[in-house]
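Enquirer: Assemble the whole structure, with the sequences as input and the hints as a guide.
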Amino acid sequence: MAESQYSFSLTTFSPSGKLVQIEYALNAVAAGATSLGISAADGVVIATEKKLPSTLVDESTVQKIMTITPSIGVVYSGMGPDFRVLVRRARKTAQTYYQTYKEHIPVAQLVRETAAVMQEFTQTGGVRPFGVSLMMAGYDDNGPQLYQIDPSGSYFAWKASAIGKNMTNAKAFLEKRYSDEVGIEDAVHTALLTLKEGFEGQLSGANIEVGVVGPNRSFKVLTEAEVNDYLQEVE
Amino acid sequence: MSRGGSGYDRHITIFSPEGRLFQVEYAFKAVKTAGVTSIAVRGKDSVVFVTQKKVQDKLIDPSSVTRLFKITKYVGMLVTGLPADTRAIVQQARQQAADFRFKFGYEIPVDYLAKVLADKAQVYTQHAYMRPLGVVSMLIGIDEERGPQLFKVDPAGYYVGYKATAVGVKETEAHNFLEKKLKATPGLSYDEAVITAIGALQSVLSEEFKAADLEVGVVCDGPEGGDRAFRVLSTEDVDHFLTIISERD
Numbered sequence: 001m002a003e004s005q006y007s008f009s010l011t012t013f014s015p016s017g018k019l020v021q022i023e024y025a026l027n028a029v030a031a032g033a034t035s036l037g038i039s040a041a042d043g044v045v046i047a048t049e050k051k052l053p054s055t056l057v058d059e060s061t062v063q064k065i066m067t068i069t070p071s072i073g074v075v076y077s078g079m080g081p082d083f084r085v086l087v088r089r090a091r092k093t094a095q096t097y098y099q100t101y102k103e104h105i106p107v108a109q110l111v112r113e114t115a116a117v118m119q120e121f122t123q124t125g126g127v128r129p130f131g132v133s134l135m136m137a138g139y140d141d142n143g144p145q146l147y148q149i150d151p152s153g154s155y156f157a158w159k160a161s162a163i164g165k166n167m168t169n170a171k172a173f174l175e176k177r178y179s180d181e182v183g184i185e186d187a188v189h190t191a192l193l194t195l196k197e198g199f200e201g202q203l204s205g206a207n208i209e210v211g212v213v214g215p216n217r218s219f220k221v222l223t224e225a226e227v228n229d230y231l232q233e234v235e
Numbered sequence: 001m002s003r004g005g006s007g008y009d010r011h012i013t014i015f016s017p018e019g020r021l022f023q024v025e026y027a028f029k030a031v032k033t034a035g036v037t038s039i040a041v042r043g044k045d046s047v048v049f050v051t052q053k054k055v056q057d058k059l060i061d062p063s064s065v066t067r068l069f070k071i072t073k074y075v076g077m078l079v080t081g082l083p084a085d086t087r088a089i090v091q092q093a094r095q096q097a098a099d100f101r102f103k104f105g106y107e108i109p110v111d112y113l114a115k116v117l118a119d120k121a122q123v124y125t126q127h128a129y130m131r132p133l134g135v136v137s138m139l140i141g142i143d144e145e146r147g148p149q150l151f152k153v154d155p156a157g158y159y160v161g162y163k164a165t166a167v168g169v170k171e172t173e174a175h176n177f178l179e180k181k182l183k184a185t186p187g188l189s190y191d192e193a194v195i196t197a198i199g200a201l202q203s204v205l206s207e208e209f210k211a212a213d214l215e216v217g218v219v220c221d222g223p224e225g226g227d228r229a230f231r232v233l234s235t236e237d238v239d240h241f242l243t244i245i246s247e248r249d
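Heads up: the protein sequence lines correspond to chains P and G, in order. What the first sequence shows, in UniProt numbering, is residues 1 to 235, in sequence order. What the second sequence shows, in UniProt numbering, is residues 1 to 249, in sequence order.
The set of hints was computed from the structure by calculation and includes no laboratory data. Since the structure is predicted, the reported quantities are computational estimates derived from the model, not experimental observations. Beta carbons: idealized from backbone N, C-alpha and C, even for Gly. Where hints are given, some of them may not hold.
Have a look at the derived ranges for each label pair, beta carbon to beta carbon [what the hints assert, rightly or not]:
no., chain 1, residue 1, chain 2, residue 2, range
1, P, Val234, G, Glu207, 49 to 55 Å
2, P, Gly201, G, Asp237, 39 to 45 Å
3, G, Gln95, P, Glu233, 30 to 36 Å
4, P, Ser154, G, Glu18, 17 to 23 Å
Computed list of chain P residues with no C-beta within reach of chain G, every gap over 10 Å [claimed, not checked]:
no., residue
5, Thr67
6, Ser179
7, Gly183
Expert: What follows is the structure, given as structure tokens:
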């Protein structure tokens with residue numbers, strides 16, 4: 001294939017030792033819609049803005065929060081098409097694990113393998129890094145966990161974090177509000193309040209998406225009605 | 001003026017300093033070089049799309065010029081943009097649909113086909129060896145579970161379902177027209193959907209069309225419609241609708 005013509009890496013070091021393509025990828029993420037995650041004592045919640053470009057778009061076809069396994073969900077900020085690629089890879093990884101061990105893949109392992117894919121694309125010939133940061137939430141034998149994976153492939157576990165356009169304000173807001181004893185219901189409320197901070201217009205179940213996983217280890221994307229109920233509790 | 005970036009960010013799909021992909025943005029501009037506008041509208045039990053039929057030379061056989069393609073019996077595709085890239089993506093779509101039918105034993109759903117094409121488009125935005133295709137595709141079909149579906153796939157690998165949409169030179173004006181129209185009358189019948197689509201095209205281009213200047217493709221539920229099969233309207237059918245529109249005005 002013509003790929004061999006590009007057997008050199010496009011992501012190369014600058015004289016100051018920086019990998020500029022990765023920095024630019026982070027700029028692409030920072031231009032995307034805000035997403036955030038909060039890890040509570042008994043579960044994890046992730047949420048994102050779902051701003052549709054026009055009223056002509058059929059909202060039922062847009063889904064930003066994706067399930068990878070029944071216990072793990074993921075949301076992104078940045079380039080949608082790149083996100084789909086990573087979701088597909090993550091699902092494949094999870095299924096391969098299940099096929100071998102007949103158990104669902106632990107969150108940390110899935111995160112590590114997905115991050116490895118993202119790192120590959122910063123080093124392989126002829127490709128550019130992914131223009132997304134991922135917020136992965138899951139519940140396994142180690143309890144509730146929240147991970148953030150960046151375009152460079154580096155990942156950290158977070159108690160609460162935000163990515164995308166409004167991340168600095170959102171993170172500051174979360175820092176003030178977070179406490180280790182917070183339960184999942186409070187976490188959902190906090191998530192909604194944080195989104196509200198940077199949101200232009202009225203928050204409603206139609207323009208945000210929320211995903212939750214609790215001790216039942218079942219990751220669910222909340223329906224529009226459920227989101228509206230939570231929003232009413234927060235008002 | 002000093003600007004960051006290796007200088008190659010305009011030639012291949014690597015990030016610019018602001019995090020943009022110039023090649024993808026240029027691909028969008030290439031779509032407009034086709035010099036036409038296409039419009040698609042989804043109704044209660046039908047989906048229609050219409051495009052201008054611009055034949056550059058009088059010596060060209062007009063019946064061989066088309067941008068409407070049957071992907072399967074039930075899925076139609078309207079491609080706007082570079083003609084050669086059009087052929088490439090139609091071939092990919094037909095291949096994917098046929099493989100799906102062979103592997104799984106039932107017709108490919110429209111949204112899945114859109115996703116497959118969009119994922120392929122995404123690969124071109126990430127791998128340097130292939131440029132993005134300079135086309136935007138609109139896919140229509142009637143899904144057994146979810147009813148009429150209209151999807152648009154673009155060079156960035158973005159795809160989403162629409163109630164109505166437009167592509168090409170006058171797409172912004174067309175979007176405004178369609179937003180207003182659909183807000184006033186949601187849930188269009190088959191006839192109204194066709195009239196809306198053709199009417200929108202006439203309005204944004206400020207032209208009176210003849211049937212030979214337009215290509216119209218439809219999928220419609222119900223026996224009169226042809227039971228969900230994709231078909232291109234004949235000149236007589238198009239004339240019929242054009243007459244209705246001119247009588248309304």
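Enquirer: Against each hint, give a clear statement of whether it holds in the structure.
Expert: Hints and how they fare:
1. For the pair P:Val234 and G:Glu207, the supplied restraint of 49 to 55 Å holds, since their beta-carbon distance comes to about 52 Å.
2. In this structure, P:Gly201 and G:Asp237 meet the distance hint of 39 to 45 Å, their C-beta atoms being roughly 43 Å apart.
3. For the pair G:Gln95 and P:Glu233, the beta carbons lie near 51 Å from each other, so the given range of 30 to 36 Å is not met.
4. Distance hint check for P:Ser154 and G:Glu18: the Cβ-Cβ separation is about 22 Å, which falls inside the suggested range of 17 to 23 Å.
5. Every CB of chain G is more than 10 Å from the CB of P:Thr67 (nearest about 16 Å), matching its label as outside the interface.
6. Interface exclusion of P:Ser179 from chain G stands, the closest Cβ pair being 34 Å apart, more than 10 Å.
7. Once the 10 Å rule is applied to beta carbons, P:Gly183 is consistent with being away from chain G; the minimum gap is 35 Å.
Checked against the numbered hints above, the structure breaks only hint 3 and satisfies the rest.
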